[in-house]
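Number of protein chains: 4
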Amino acid sequence: MSKGRVCLAYSGGLDTSVILKWLVLQGYTVVCYLADVGQADAVDAAAIEKKALLLGAERMIIADLQKVFVEQVVFTAIQCNAIFEDRYLLGTSLARPVIARGQVQVAEQYNCQFLSHGCTGKGNDQVRFELAFKALNPSIQVIAPWRLPEFCNQFHGRQDLLKFATENNIPVESSPKAPWSMDENLVHCSYEAGILEDPDHTPPKELWKMTLDPLDAPDAPTEFNIHFDKGIPVKVVLGGQTTTDSVELFKLLNKIGHDNGVGRIDIVETRLVGIKSRGCYDTPGLTIARLAHLDLEGLVMDAQVRDLRDQFITRAWSRQLYNGMYFSPEREFVENSIVFSQHNVTGEVRMMAYKGSVYVLGRSSDASNLYDEQDASMDSLEGFSPADSTGFIEINALRLKKYGLQKQKDGKPLTQT
Amino acid sequence: MSKGRVCLAYSGGLDTSVILKWLVLQGYTVVCYLADVGQADAVDAAAIEKKALLLGAERMIIADLQKVFVEQVVFTAIQCNAIFEDRYLLGTSLARPVIARGQVQVAEQYNCQFLSHGCTGKGNDQVRFELAFKALNPSIQVIAPWRLPEFCNQFHGRQDLLKFATENNIPVESSPKAPWSMDENLVHCSYEAGILEDPDHTPPKELWKMTLDPLDAPDAPTEFNIHFDKGIPVKVVLGGQTTTDSVELFKLLNKIGHDNGVGRIDIVETRLVGIKSRGCYDTPGLTIARLAHLDLEGLVMDAQVRDLRDQFITRAWSRQLYNGMYFSPEREFVENSIVFSQHNVTGEVRMMAYKGSVYVLGRSSDASNLYDEQDASMDSLEGFSPADSTGFIEINALRLKKYGLQKQKDGKPLTQT
Amino acid sequence: MSKGRVCLAYSGGLDTSVILKWLVLQGYTVVCYLADVGQADAVDAAAIEKKALLLGAERMIIADLQKVFVEQVVFTAIQCNAIFEDRYLLGTSLARPVIARGQVQVAEQYNCQFLSHGCTGKGNDQVRFELAFKALNPSIQVIAPWRLPEFCNQFHGRQDLLKFATENNIPVESSPKAPWSMDENLVHCSYEAGILEDPDHTPPKELWKMTLDPLDAPDAPTEFNIHFDKGIPVKVVLGGQTTTDSVELFKLLNKIGHDNGVGRIDIVETRLVGIKSRGCYDTPGLTIARLAHLDLEGLVMDAQVRDLRDQFITRAWSRQLYNGMYFSPEREFVENSIVFSQHNVTGEVRMMAYKGSVYVLGRSSDASNLYDEQDASMDSLEGFSPADSTGFIEINALRLKKYGLQKQKDGKPLTQT
Amino acid sequence: MSKGRVCLAYSGGLDTSVILKWLVLQGYTVVCYLADVGQADAVDAAAIEKKALLLGAERMIIADLQKVFVEQVVFTAIQCNAIFEDRYLLGTSLARPVIARGQVQVAEQYNCQFLSHGCTGKGNDQVRFELAFKALNPSIQVIAPWRLPEFCNQFHGRQDLLKFATENNIPVESSPKAPWSMDENLVHCSYEAGILEDPDHTPPKELWKMTLDPLDAPDAPTEFNIHFDKGIPVKVVLGGQTTTDSVELFKLLNKIGHDNGVGRIDIVETRLVGIKSRGCYDTPGLTIARLAHLDLEGLVMDAQVRDLRDQFITRAWSRQLYNGMYFSPEREFVENSIVFSQHNVTGEVRMMAYKGSVYVLGRSSDASNLYDEQDASMDSLEGFSPADSTGFIEINALRLKKYGLQKQKDGKPLTQT
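Protein chains in written order, with UniProt numbering: chain C, 1 to 417; chain S, 1 to 417; chain L, 1 to 417; chain V, 1 to 417.
Wrong hints could be hidden among the right ones.
Copies of the same chain look alike in the list, so a pair counts if it works inside one copy or between any two.
25 Å max Cα-Cα, derived DSS-like pairs, lysine-lysine [said to hold, decoys possible]:
| id | residue 1 | residue 2 |
| --- | --- | --- |
| 1 | 407 | 205 |
| 2 | 163 | 51 |
| 3 | 3 | 255 |
| 4 | 230 | 412 |
| 5 | 412 | 67 |
Calculated from the structure, these hints are not laboratory results.
Computed from a prediction, not measured in an experiment: that's the story for all the values here.
Isolated chain C, as found in the complex:
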C-alpha cells in the first residue's frame, strides 16, 4: 500500500531523479511536476516525461507558466525597480512563487498528501518554496529529502548519487557536470557553488549562458525603444519591428541584452539563513527594462512620491521576494502601493545597448506635466520669481545658523578644515 501521494518538483536531472526513485522505493506514489518558467534549451517535455515514468512516477505534469511569471511577477519587479543589496535583480526569487503555486495546484488536483523538492538544506530556495507551500495549502506536508537524516546519510555527495543511479538504472547524462550549479529561468541564469566558492576566483568565460561576453559582442550598438503603460512594458521597437506580447517582448529584451553582453554581475550576498554566499548572475532583459523604467520615472514621477516609494516600497518588496514572503499580507500591502504609484508612468524610452552596457538616449511622455522645458530653463523666469529662492533659503537656514553659532560657542567652528 502506498504511503501516500507525493507531488515532486522534478527537473529530469540527477538529484531529482534520485529523489524520485528513492521516494518510490520508500513506498510513495509520485506525481512529477515541472514548471516551464522559460528555462533556455527549451524544456524537452517528452524526454523528461519518459524518464519520470521510467523511474516509477505515476504521471508527469509540465506546466507552461511563462506568461503568468512575466505578467504577475516580473512586470511588478520592473514597476518597483526591484533590487537586492543594490546589485541583484532577484531572478531566482521572482520565479519561486509562481513555481510553488503551480506545484500546489497540481498536488491538489491529484490529491497528493505531500509536496517534495530537491533543494539543499542550507539554501534560500527550500525556504521560498516551503513558505509558499504553507501559505497556499498548510494541510499538505513537505518532504525535503536533503534535510532528512536517512537521506543525507545515504547520499554524502555526487558520487553516492551516481552510484545509486547506476544501481537503480537511472539514466545519467554522459557529459561532465560543470564545476558550479546553475538555475535558469526567463529572467536570468544563476551560477554558484563549486569553483565559485572562492570569491576571488573569476568566473571562467564559458560560464555565462544568457549573455555573450562583452568582448565578443558586436562592434555596432543596437538601438531600440521601450514603451511603458502604467509602469509596464507594453511595446518594444527594434529595427522597425514592433513587439507587444508580454512574453515575446521580454524575450526580445533578453535577446538584445544577450547579444550585447548586458546584465552580468558577480557578487557576495547574504542568504536569508544568514550565510554569505557568492553568486554570479546574467540578467539581460530585466537589466534593460529596469533602467528604462527608472529613467521614465525620472521624467514623470513626483519626487516626493518617488522618495517614499524608493525608501519603503522598493526595498520592502525586494526583501520580501528574496525572503520567500511572496504569499504574505505584507507583500500584498506593498504591492497595492506599487500599482498606485505607477498611474502616470506611461511613455517611451529610447535606448542603446553596446558591449556590456545599456544607455538611455532620450525619453518622452504625455502622461505628466511635471517636466516643462520652460520651468527647467535657467534662462526663463516665466512663472518664477527669483526672490522666492531667497525666502526659501532663509527659512531653511534658520536652523543652520543656530547650528553654526552653537559650534562657534563650543569652540569648534564649522570653518575649521
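Put chains S, L and V on the given structure of chain C with help from the hints.
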C-alpha cells in the same frame, strides 16, 4: 567710499566677470576667490588673477582644495555608496561645501561683509552655497545678483552680458560657447540647459569631457586592483604600478574610467526647489570606486548592518548633500554612523574596465570572518544541521498559514492564479 | 473702482476684523468666509455676519464643514494612528486642508481674485493654508497682510490694532484677552504664545478649554465601548446609549474625554519653518479613539504589515499633514496604503476613562484569525512543535556566533561587562 | 560519572526546581544561577541557595546585576525612547541580555559544558536567552527542557510538575498560584497566560504588583524634577530630597510611579515567533523617565536629527531588543548613533504624577540654543523677515501647483469634496 568688501566666487568666465565689474561699479571693493577642486584644463591661475585685477578686483585668491575635497567628502561618499534617485553620484553636490567653506574662510580673512556668487535663481547651487554660508558665518550677508531685480532687469540673456562686456572692456573668449552649461570638478563634469532641455534630445558625441565615447574606447580591457582600508580607497594597482596618494589615486581611477568610457549617465532629476531638470554627467573614477566598495561590503559587512545602513544612512547622506545640508547637525549625525559602519571594510577588489562598463573580477579580505567557503558550500554540513532549517521555516510560516487560511475563508484562495 | 474681490478667512475677532477693514480701505471688495469645524461656543453665525457686514464686507459665508472634517480627515488620522514627534495629535493641522478647500470653493463661487487670511509670518498655518490654496487653484493670488511691509509697519502689536479698531468703529470685546493664543476645532484646542513662550512656565489651571482638570474630574471612572469598521469608529456605547453618527460619535468621545480630563499635552515642537515653539493642546476624543484603534490593531493586524505601516505610512502621513502637504501627490499615495491596511480592523474595544487617563479593558473581533487562544497558550502545543523553535534559533544565531567569535579574536569578548 | 556540568537559570520556583532535579537525575552536575535584576520581594538569597543545594545543585550563584542593568540597558532605552508596537516599553526584553551574559560568565567560570533555562518553547525568552548564549560563547551547548520530547512527554501541565515535586521531595509553596504568569525586574512586571489568554477579559484588580490602582492612588499629586545629562537621568528631586545614584534614582521613579498608579498597559502583541499574545505590564519608573526624556528632546534636539533618530534608531533598537538581538553587530551599530544623538540632551524637566498619569510641568536647559523665546514669539520679528515665508511657500508650492493643474486636466479637481 566703498559700500563694503565683497568676496566673490570668480571663475574668469563671462558671467562672473560681468558680476565683478558690476559690483565694482556699484561701489563695492571685491576680493575674488576661486577654489581649485580639480577642474580639468588645470586652472590657469595667472591668467585669471590678471583678469580679475584688470576688472577692478582688490585681490584674487586661488585655493587648492583638491586634497580636502577628496579626503573629506569624496571618500565619505564612497564609504556610504552615496547615490541620488538611484542614478546620480552627486558630483556637483560633493564639491559645494568645500568651495563654500573656502570662500567664507577668505571672506573672514579679508574682512568682507558680503559673499557673492554667480548662481542662477532657479538652481540648486545657490541653495547649497548659501545654506553653507549661513551655517559657517551668519553675520556675512549674501549678494546674489541673479536674484536682484536691478541686475536681472539689466541682463536678460547672454547678449546683454556680451554688450556689457564690450562696453566695459571685459575680455571675452573668441570661441563660441557650447549650447549647454558645464560644471566640472575632480569627480565629474555636469552638462545641462541649452539643447539638453529637450529630454528626448540625445547628447551629442562631443559633449562629454571626462570620458571617451565607449565606441572609441580601446578594444582591450584594463585590469586593476583597488585596496580599501575601513572603506577608504588607499591603493590602486595598475600594470605593476602602485598609487597611494589620495588625490593621485583618485585621478588614476578617473583616467582608467576616462579611457574606457566608464560612468556616463543621462537623467531627469528633481531639483531641490521642486523643478524637474535634465542633466548629463560623466563620473569615471567615482563610478569605479563606488562599485568596488559595494562589492567589498558584500564580502565583509554584516547583512543586518548593511540593511540599516542602506535604508537610512546612504539615503540620508545623499539627500543631505544634494539639498545643500552638509553643514548641518543631521549630516554630522549620519556621518558618525558611516564611519562606524566601515570598521572592517578592508580588503582588495580586482576589477576590469572595458568600453563603458566596469566589472568586478574577484575580492578578498582578512578583516572579517563572515564569508567562509565551508559555510557557503551546499555540499558541506560542517557546523550546520539541516533540520534547523525545518524549524526556521516552520516558525516563519506560522503567520503565513493563518494568512492563507483566512484567504480561503474569504473565498480568495492564494492558489488562484 | 474695486481693486478686486478678496475672499478673507474671517473669525470676527480683533485681528481679522482689522484686516477686513484694512482691505476695504485699500479698495478691495471683501467676501468673508468662516468654516465651522466644530469650534466650541458654537459659532454665533448671526453676530459674526452682522459684524462683517458692518465693517464693509460684501457678504459673509459660513460653511458647516464638521462632517467632512470628521469623515475625511479625522477618521483617516485615527486609521493611521497619526502623531507628530511622538506626542502631538495634529489637531490644528487636520483642520487646515478642510478650511482651505472651503475657502477656495467660496472664492471660486464669488469670482474672487484673491484669498486672504490673518496668519502671522512665522507660523505653520500660513504655510498650510497657502500650500493648499496653490494646489487647489493656483490662479487665485494670496494677500497675507502679516507679511506685507505696509501692514506690518502700521500694526506693531495689539495696541496698534486696538487703536485702529477705535478709529474705525470696529466693535471690540470688553473682556480682556487671555495672555496666550488659542485655536479650537472639533479635535482640540491649542494654546501658545504669550506667557507660554517661557517653556518652564506651567500652563495655568484656567487655560484648558476642552478638558476638565484631572484633579477636578469625577471620582468614578466612565466605562464605554468603541466599535470600528475597517479602522473607522462607527459606534460608541455609553451607559446603554448607542451613538453611530460620525460627528455625534466624535463629540461624545470629546465629552467623555472632557469630563475625565483626558488628552492634555504640553510640548516644545519644531515648526515647519524650523523654529522651536511651545504649544499646549487638549485633544480629548481623538486621544481616546487613537488608543482604542491602536489596541484593536494589536489584535487583528499582521505584525509585518503593522511594522511597515508604522515606519512609513504613519510617519509620512503625519508629517505631510503637519507640513501642510495635504493636497499633494505624496499624501494621496500614502493614504491609498492606509485604506488598504485597514481591511480587517473591525471589532470592539472596551474602555475606561478616569482622571486624566484612558484605559483599555478588553477587545474582541471576528475579522481576523491571527489571535488564537490556543496558539497563544504556553500550555498547549496543539499545532506547534517546540523543536521548531530550536531550528529557528539556530538559524538566526549563525550570524551572531560569527560576530561573537570575531569579538573574541579582536580581544573584546562580548562577555566583558 | 557526570554527563557534564550545566549552568541552570534557577529561580527557586516550581518549574526550575523540577528542571534542576530532573537534570540531576539525568546525571548532570548542576550549577544554579540567579540574576538579581531588581525583582521585587527582594530575592531571598539564603532560602533559594538552600533549596538549590537540597535539590542536588553543586552550587548556587546569585549575581546582583541591578547596576549594570540600569546603566547599560535601561538608560539606553531612555536615551532612545525605546518602545515596541507603539505601546510596550520592553521591560522583559531589556533584562534578558544582562541575565544571559551573567549566566555565560558563571558557566565559563565553573567550566560548564551546558546552559539551561526553564523557558517554554513558544515564547520570546527562549529566543532571547539562546541568541545571547550563542553570541557570547557558541561552544557551550543549550539544554532547553521544554523543547525536549522526553521532558515534554513527562510533564504535560502543572499537575505533572506537582506530582514530580511530591515524589522527589521538592518543597512547594502552599499558597495557590495566580491564574496567570508573571515576570518581574527593576523595570516592570509582566502578566500573561491563564485567564489573560482571553483578550477581552479585564485583568483583575489584584493582578498589578508594581503600581497602585489609579482609583486608590492619593488625591494629591506628586511633583518632582528629573535632571538629564546627555540623555541619562542623573538626578531626581522630590520633596527637597535629591537622589543621584543610578539604581536608587530609578527605584525612586518606580516608587513615584507605583504610588500614583502610573504605567499600566494591556495589549495584544506579536511575539517574535509570529504568534499573537496578550500581555499586561506595569512599568512605573520607565514610563515617567521616558516621557521626561522625550519632553527634553523637544526643547534641545534638532528636528531633523530627531526625525532620523525616530524613524531609524528608536525603531531599530527597540526591535532588536524585542527580538533578542542585543549581542549583534546591528545593535552595536545603532547604539553608536544613540550616544551621538544625545550630546546636548542635558537639562531639567519638572513633572507631576497623579492617579494613573504623569504630566510635564515645564522644562529648561542651557545646553542648546535652539529654543529662543524671541524666535518663537509671533509678536517679534527680530532676526526674521516675514517676506521670506512667502518665498518659502512659493518654492514649496511649485510642485503642488502642477499637481492641482493635472488633477483639473484629469477631471478630478482637488476642490471636489
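Review point. For residue 3 vs residue 255, is the C-alpha pair at or below 25 Å within one copy, between two copies, both, or neither?
Key: neither (47 Å within a copy, 65 Å between copies)
**Study point:** Up to 25 Å CA-CA - residue 51 versus residue 163, copy category
**Key:** For residue 163 and residue 51, the Cα distance is within 25 Å only inside one copy (18 Å; across copies 60 Å).
Exercise for review: State whether the alpha carbon distance between residue 412 and residue 67 is at most 25 Å within one copy, between copies, both, or neither.
Suggested key: Intra 62 Å, inter 21 Å, cutoff 25 Å: inter-copy only.
**Study point:** Homomeric proximity label, residue 230 with residue 412: Cα distance no greater than 25 Å
**Key:** Between copies only: 19 Å across chains, 52 Å inside a chain, cut-off 25 Å.
**Study point:** Intra/inter-copy verdict for residue 407 and residue 205 if alpha-carbon distance must be at most 25 Å
**Key:** Neither: 56 Å inside a copy, 40 Å across copies.
Figure legend: structure checked against the earlier numbered hints; hints not met, in rising order: 1 and 3.
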